Amino acid sequence: MVRLKKSLTALSALTLTVAALSACGGKNDANANSAASDSSSNSPSSSASSSPSAPSSSAEPVQFSFYFTGSQNVKDLWDTLIPMFEKQNDKVKVKEVYIPSGAGAEPTYDRILAAKKAGKGSGDIDLYEDGINVVSQGTKDDVWAPLDTSGIPNLANIDPKTMADVSNMAVPYRSSAVVLAYDSSKVSAPPKTLSELLDWIKQNPGKFAYNDPSTGGSGSSFVTTVLYDGLPEDDIHDSDPAVMAKWDAGFSKLKDLNKFVYGKGIYPKKNQGTLDLLANGEVEIIPAWSDMVLQQLGEKLLPDTVKMQQITPGFNGGPTYLMVNKLSDKQDAVNQFLDFVLSPEAQEVIVTKMNGFPGIELSNMSQAMQDKFKGVSEGFRTFNIGDLGTEINKRWQSDVAAQ
Amino acid sequence: MRKEVKQAIGGLIMVSPSFVLLLVIVVIPIVQSFVTSLSNGEGGYDLSRYQFLFTDKGMRANIFFTLKVTVVSCALVLLVSYSLALYMRFSSGKLVDWIRKTYMIPLFIPGVIATYGLMNLLGNHGWLARLLLPLGIALPRLIFDEKGIVIANIWFNIPFATMLLSSALTGIPASIIESARDTGAGKLRIFLRFIFPLSYKTFLVALTFVFMGVIGSFTAPFLLGPNAPQMLGVSMQQVFGVFQEREQAAAMAFFTFLLCSVLGYFYIRSMAGEEVANR
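Line order of the protein sequences matches chains A and B. Note that our numbering numbers the first sequence so that position 317 is 317, with each residue one more than the last. Note that our numbering numbers the second sequence so that position 182 is 182, with each residue one more than the last.
Next comes chain B alone, as it looks inside the complex (with noise of 0.2 Å):
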């Protein structure tokens, strides 16, 4: 037998485990729940959850929700965790220390008691307005609001966005920049010709984590979003578990999933091209 074929068996058989779990976990509740959400409850199949899913009003103003949040989530998240990374990393001194020791620690918060201590905070009789009061400032409504949920997603998003970007980061090398300064290049022209593109990679994994995670999330939408109109996520928990429509509530799961899949064509199309690269 040939070497690369023994390789490439070997290869296949290394992927197996991992490919099996994939088509367990993943493939096969998707197919299914395509196929769930097809049905129309009258042991025929059609596309009348999908109808509905535009068609009813209450469920298309979610949709339009649940993308306005995650896109004005995702932009935030990435502006802030970028410029903290980008920090770190070029500078020094006692605050980015203290930024390097505490930026971690939303991470060991479980999300309920974050959203229950976010709810305490900024509610109307909250700690925030009660400190703002002697000073004559009057919040804006930030509990049961879109901006209650964006304030969440910004604080569970940000120590992973900034962690795997600073580790993006500190993969640069030095020479590099030192090199294009010596060449008189100005901070702008650094960043936008070697800074960005050589942390482009993992600037996109982290935007797909954060849209992942944001469109997808259910506790802090829950308890901090407004009645109407709803984030998927809690829409479909009230579809699937009040109003008992399973089927409905899998045609809102696939329609989720499409719209990840999106950003993961993407990501995939980008690993993908690294690989070529690579070899």
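Bound conformation, chain A alone (with noise of 0.2 Å):
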């Protein structure tokens, strides 16, 4: 009997923590909840809103979540610009989650699609930004709200092609491009084109690596670069499976190179991995993005003696997102925001702070902006073949790293 006396002390006593933990649970998702609706029903323009009871006064500032991911220099970015944008306008504030990259960036997806699947509507997660693929993916789920000039006026400073790849679905506010790095104590002259990295490569066994395409986007850009050389240029903005009959001849050329890159075959992972055999001067040529670089060099990380070079036809750089959550009550808010993001004076902040290319075409720069990108952007290219880009890590992975 004792023993069952004891037995139901701890019972109860676990019983009563669990209860004491629950009942703090619920009462931080009360107050977030109340939060919620207390926002929500204070943005003067949310007719959705379903909470009548809460009185609305204007005065109150609407706070919209938005969840971004990146490295440190993203974080900064945002640090800068929003304080910017909330000076302008004190309706609206803007609540930062910032996700550090590699630390689970597609569970916030996640997030949004289980959000919609179980009728919660947006989850908390207004704005959201990323890839292209997560672009893709979102639109066929139907998560994204599609945009337009009326409500982000500032939208018609976008090249309306690029906006016609995302169906209008997600904003291309920053571009960064791939290029080669080269070490310029070892090599004199680099490649300018294509054919002639290529043949470089091969003269140099050993001398040249790229990432797993899977695993970062520099490593992926010469992949496509390569499969992609020599194809109408019209296929780099198709996302038909029949163009996917054309990659034969680019990857029999990529698994002929495997014996020829660093290590006969050793493909390093993340875009750092690459950058990491530059700097202790394993390898001469990487291709690697142009923003990673510059940092890196001015953090000392990589010797003074590298340097970028761009080849033609250029490597495939690409945009990064803004979408809108479709479900998600503050739209007027995130628009006034996105808007702003795609004025030319935030997107010059961009182009200093990432050493990227603006979102908007550079016409609608100042005239220095436009001076400083002079020779420079003809180069890049803008890639958007959907989920091809999933079938070419597929097919990589199995053609070329595990021939």
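Mixed in with the good hints there might be a few duds.
Straight-line distance between alpha carbons at most 25 Å, and here's what the computed SDA-like set of lysine to any residue pairs gives [claimed, not checked]:
| hint | chain 1 | residue 1 | chain 2 | residue 2 |
| --- | --- | --- | --- | --- |
| 1 | A | K264 | B | G117 |
| 2 | A | K326 | B | Q244 |
| 3 | A | K253 | B | A228 |
| 4 | A | K116 | B | V242 |
| 5 | A | K259 | B | A228 |
| 6 | A | K300 | B | G126 |
| 7 | A | K140 | B | G43 |
| 8 | A | K394 | B | T55 |
| 9 | A | K140 | B | I25 |
| 10 | B | K57 | A | K140 |
| 11 | A | K116 | B | P159 |
| 12 | A | K269 | B | I63 |
| 13 | A | K264 | B | E247 |
In silico contact screen, one side only, chain B against chain A (beta carbon under 8 Å); selected entries [said to hold, decoys possible]:
| hint | residue |
| --- | --- |
| 14 | G58 |
| 15 | L135 |
| 16 | L139 |
| 17 | P226 |
| 18 | R246 |
Some chain B residues judged to face chain A by a derived CB distance under 7 Å, without partners named [claimed, not checked]:
| hint | residue |
| --- | --- |
| 19 | S48 |
| 20 | Q51 |
| 21 | N124 |
| 22 | L133 |
| 23 | F144 |
| 24 | A228 |
| 25 | F243 |
Because the hints were derived from the structure by calculation, they are not lab data. Please read all numbers here as calculations on a predicted model, not as lab measurements. All C-beta atoms in this analysis are idealised placements derived from N, C-alpha and C, irrespective of residue type, glycine included.
Hints given; two lone chains; assemble the complex.
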């Protein structure tokens, strides 16, 4: 009996703890919910708001959540832009949620989708930043709100072709380019075209590396550039699976390269993997994101002798996109923010901070900026092949890595 | 009510929280991923995902590679850990004190940092290569190779395995060994007849933990391993996250679970045997 008593005591203690914990959780949830509904009902334009009991006072600013991921430079960028925006618009507040690169950005998209499926609205994620594959995934799953110039006038500053690529579901607010980064103390005449580069790789075995394309954009850019070399220009804006048949020549080139690349077929993981090899002198030329190279040169992580070179046809760069959650009840506030991001003023900050390309057309930028990009932007190409990127990674894994 | 019945009810109540926890965080997810893995993506259910697992050349290579790395890592880890534990149990002196104080250090270094350290140490132009250069010794390729993964596994698993084994060896009464020695048994005989049988259970526990840890490892194989073949953990991440084939990833996860459950069977059988013996 004594034993039973003891176990009962233990059990009741456990129950109490659980109850206390769940009560805490419940309380927090309740707070969060009421906070969310408060702020939404305070929005002057939220006719869809479902809580008429809360009095709406237009003095309170609307706050929306903005989830983004990336390296530290992306965080620095938003830390600069958001205060600039909030200064101009005292009615809107942006709640930044930064998920460091590699710390699980995928679950953010899964959360959006799960909230939609569970009928829980936006899941408190109003604006989200990611690459093209998430844009097309979300378009398929119908979670992004279509955007137009009536809500965001500055959308007109963007090349209409780029907007057509994403069926107006996302804002390509900035772009980066992939270039060749090379050690000028060892390579005096870097290749200027893709075929020169391929020749160079064969003549200098083990001195070129590109990263596993499924782990980082610079390797992926090299792979797609080789695959689409010599194909019609339209194909890089085509996500029709029929194009896949045209890859064979490119894949056989990549297979051939296997014995000439670093370590006779070693493809480091992530963009940083090849940069590390360049930094410690194991390789001499790599494809790399221009902004990463510039940043690491600035921080002395790469030797001063590292220089950059764009080739023709250019490596494909990629815009980074902002997507609005279709179920967000704060779309007007989000639109105001997006309009600001696309203003020449904000774009200038993006260009200087990220060493990247503006998302809007150069003709909308100041003369000084237009001069800065003279000659550089020509080699810049945007690919849009939708889900085919995944197919490339799959086939690369079986044909090139596991040959 | 009889005393036994009361005790039985009390016992059931006591185990129910852990049973519920096990059900929610282990059993249900496994059943779910099994169901997911059976779906063929066209609304039907069949074994096509498993068929792919064993017929695709790359996938088969991944499975063999994973098993090879796991077996080699387990053998090396247990060899080193058992020797260390034996040495600490039956010797004394400064060196033993020193080992006792330091062998746990790897437990306190986060996996990613240790992996990065290993890359810097063992890489082609790493510290070790630079130290050995004046001696004219060229290192074989360690990083981006299975050797790198095995070295990382040894680093990660030795502390825990040694800790388990040395506690088991400490539990062996000195009197048994002394009396055996008095009757003239040699060192090898003492080890095979007394020490190993008495620490066998813990040895099995250590083996189970190392096996499970290695077969499901991700960070070190991802950063140190070759592009192909891959460990199952890396391949699973690629199939799930990059190729977005959830059903295929579920099939791989379930297969990994089956591999682990083979060892789990021996572990549970041995533990159940002990319970019966203790009664």
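Here's how the hints hold up against the structure:
no.: 1; hint: A:K264 <-> B:G117; verdict: holds, 24 Å
no.: 2; hint: A:K326 <-> B:Q244; verdict: holds, 23 Å
no.: 3; hint: A:K253 <-> B:A228; verdict: holds, 19 Å
no.: 4; hint: A:K116 <-> B:V242; verdict: holds, 23 Å
no.: 5; hint: A:K259 <-> B:A228; verdict: holds, 14 Å
no.: 6; hint: A:K300 <-> B:G126; verdict: holds, 19 Å
no.: 7; hint: A:K140 <-> B:G43; verdict: holds, 18 Å
no.: 8; hint: A:K394 <-> B:T55; verdict: holds, 16 Å
no.: 9; hint: A:K140 <-> B:I25; verdict: violated, 31 Å
no.: 10; hint: B:K57 <-> A:K140; verdict: violated, 31 Å
no.: 11; hint: A:K116 <-> B:P159; verdict: violated, 46 Å
no.: 12; hint: A:K269 <-> B:I63; verdict: holds, 21 Å
no.: 13; hint: A:K264 <-> B:E247; verdict: violated, 33 Å
no.: 14; hint: G58; verdict: holds, 4 Å
no.: 15; hint: L135; verdict: violated, 21 Å
no.: 16; hint: L139; verdict: violated, 13 Å
no.: 17; hint: P226; verdict: holds, 7 Å
no.: 18; hint: R246; verdict: violated, 11 Å
no.: 19; hint: S48; verdict: violated, 17 Å
no.: 20; hint: Q51; verdict: violated, 16 Å
no.: 21; hint: N124; verdict: holds, 6 Å
no.: 22; hint: L133; verdict: violated, 14 Å
no.: 23; hint: F144; verdict: holds, 4 Å
no.: 24; hint: A228; verdict: holds, 4 Å
no.: 25; hint: F243; verdict: holds, 5 Å
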